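Residue numbering for the sequence shown follows numbering that gives the first Met the number 0, starting at 0 and increasing by one per position.
If you are wondering where the hints come from, they were derived from the structure by calculation, not from laboratory data.
Be aware that one or more of the hints could be misleading.
Straight-line C-alpha distance at most 30 Å; calculated DSSO-like pairs for lysine-lysine [what the hints assert, rightly or not]: (1) K86 - K27; (2) K481 - K260; (3) K481 - K27; (4) K481 - K90; (5) K86 - K405.
All of these numbers come straight from a predicted model, not from anything done at the bench.
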Amino acid sequence: MSNAEDFRIKHIDTSLHNEDLAPLAPEKRTWGWFEIFNVWSNDIQSLFGYTLAATLFISYGLNGWAVLAGIVLAGFIVMGLVQLTGKPSVKYGIPFPVFARASMGVRGANFPALVRGIVAIFWYGVQTYFASTAVALLLNSLLQPQDPAVYMGLTAIGWLSYVIVCLFQVALFVCGMSWITRFLNWAGPLVYVVMIALMGLIWYKAGPSLLSELGNIFSGTGEYKAGPVAAFFAVVGTMVAYFAAVVINYGDFARFVKSEKQMTIGNFLGLPVSLAFFSLIALVITAGTVVVFGETLTNPTDIVARVDNLTLTIIAALTFFAATVGINLVANFIPPAYDLANLAPAHISARTGGFITAGIAFFIGALWVAFISNVGIAAFVDTLGAVLAPLYGIIVVDYYLVRRRKLDLQQLFSAEVGSAYYFDGGWNRKALIAFAIASVFSVASVWAPVLTQLSGYSWLLGALLGALLHYGLMRGQAQALKRADATV
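Full structure from sequences and hints, please.
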């Protein structure tokens, strides 16, 4: 493929095509490595991302440096995973819902798109709540309310902050991708500046002995019955599961990148490198809170509030808010907007899908403190990841082993009987069987007592099982495609 004509769909079926789902020609792609780097940086730097990293340091009874090593290893694994899902979208300029048609069928792709959309809406609501805590920190510092009443876990300022964040995100989404990209490009680097400043302040208050204590300060504070090695890999698995939602639909971003090389550079700097740096900061700050405040604090807004420095509070609140909102839009708002548009392209645009997403997610985020958070952060992350994992395995093994990296772009938008991705009434029943079996197992590994020792690996196991089952069921078609290529 080399020109705009190659990416133009010649026979448009409005039940499968609109401008948001159409292939993006190379000359219309504007992202380089820096934009991809900022996607990951903002994801890592979000308030939920920090809270998860800090929670991992205190939950498994491991040496602090061991947990850091596990998080960095997860960064390399995620980089490898998104390279696989990103390459076809760079090559063909298509978003995830269209890419999924090759493995699931032109109608069956609605199913993974809907599952991914539901998970993203869930994440969107939760991240919206976390972003609102930064706004609440700012308002509380300026207004100094006395003994505020609490309703469903939030004060009046908490609820006001939540509504402000909801409206701001919708307004930014309406402005378009170019505005969101600019927002990410300044928010990501600025968060690093604030986090480094916060680390320096905590380190100063804790004293010079903090560095020598980092490795031991969390050792033994948690329990993991399977032992330290299993605990290490559980940390890795949970961190991979945190990125699961972005991993599967990474093509929604990769399609905007100018070249595969730019994508690879952005992935490397944004994942293992950025994750290592940010997690080191999280390790120092979290350890410092134990020394300075006598308790472990895992939410940066709580830490900033304790420091009692108005200037730092204002700057930190604004940057934490910006980082969390930025990744929330990219990772949890845009994907379900595309996914919902894929359900009925003739009637639902990406913008309409965004409004639906915002409406549903409002209630999810509003219930986070009172109800949903009681599940526990690690279990919450692992469960959502377990649902998506088999879909990742299916679409990747289908593209690389069944299709052998070849897609017919025109056929991806065709629902004619006998077309390449029509299967049985537009549905690939074999892929659905593989998903059903693998997802039941991966979710059970999180919650079933008999599979407790596998809970940290639920995403990796679900993806692997989905891939193996799909390839086994599709092996006959894979061999037929191979023979057809040999005769050409």
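Status of each hint after checking the structure:
1. K86 - K27: Within the cut-off at roughly 17 Å; holds.
2. K481 - K260: holds (28 Å)
3. K481 - K27: violated (33 Å)
4. K481 - K90: holds (21 Å)
5. K86 - K405: Distance of about 12 Å is within 30 Å: holds.
In summary, the one numbered hint that this structure violates is 3.
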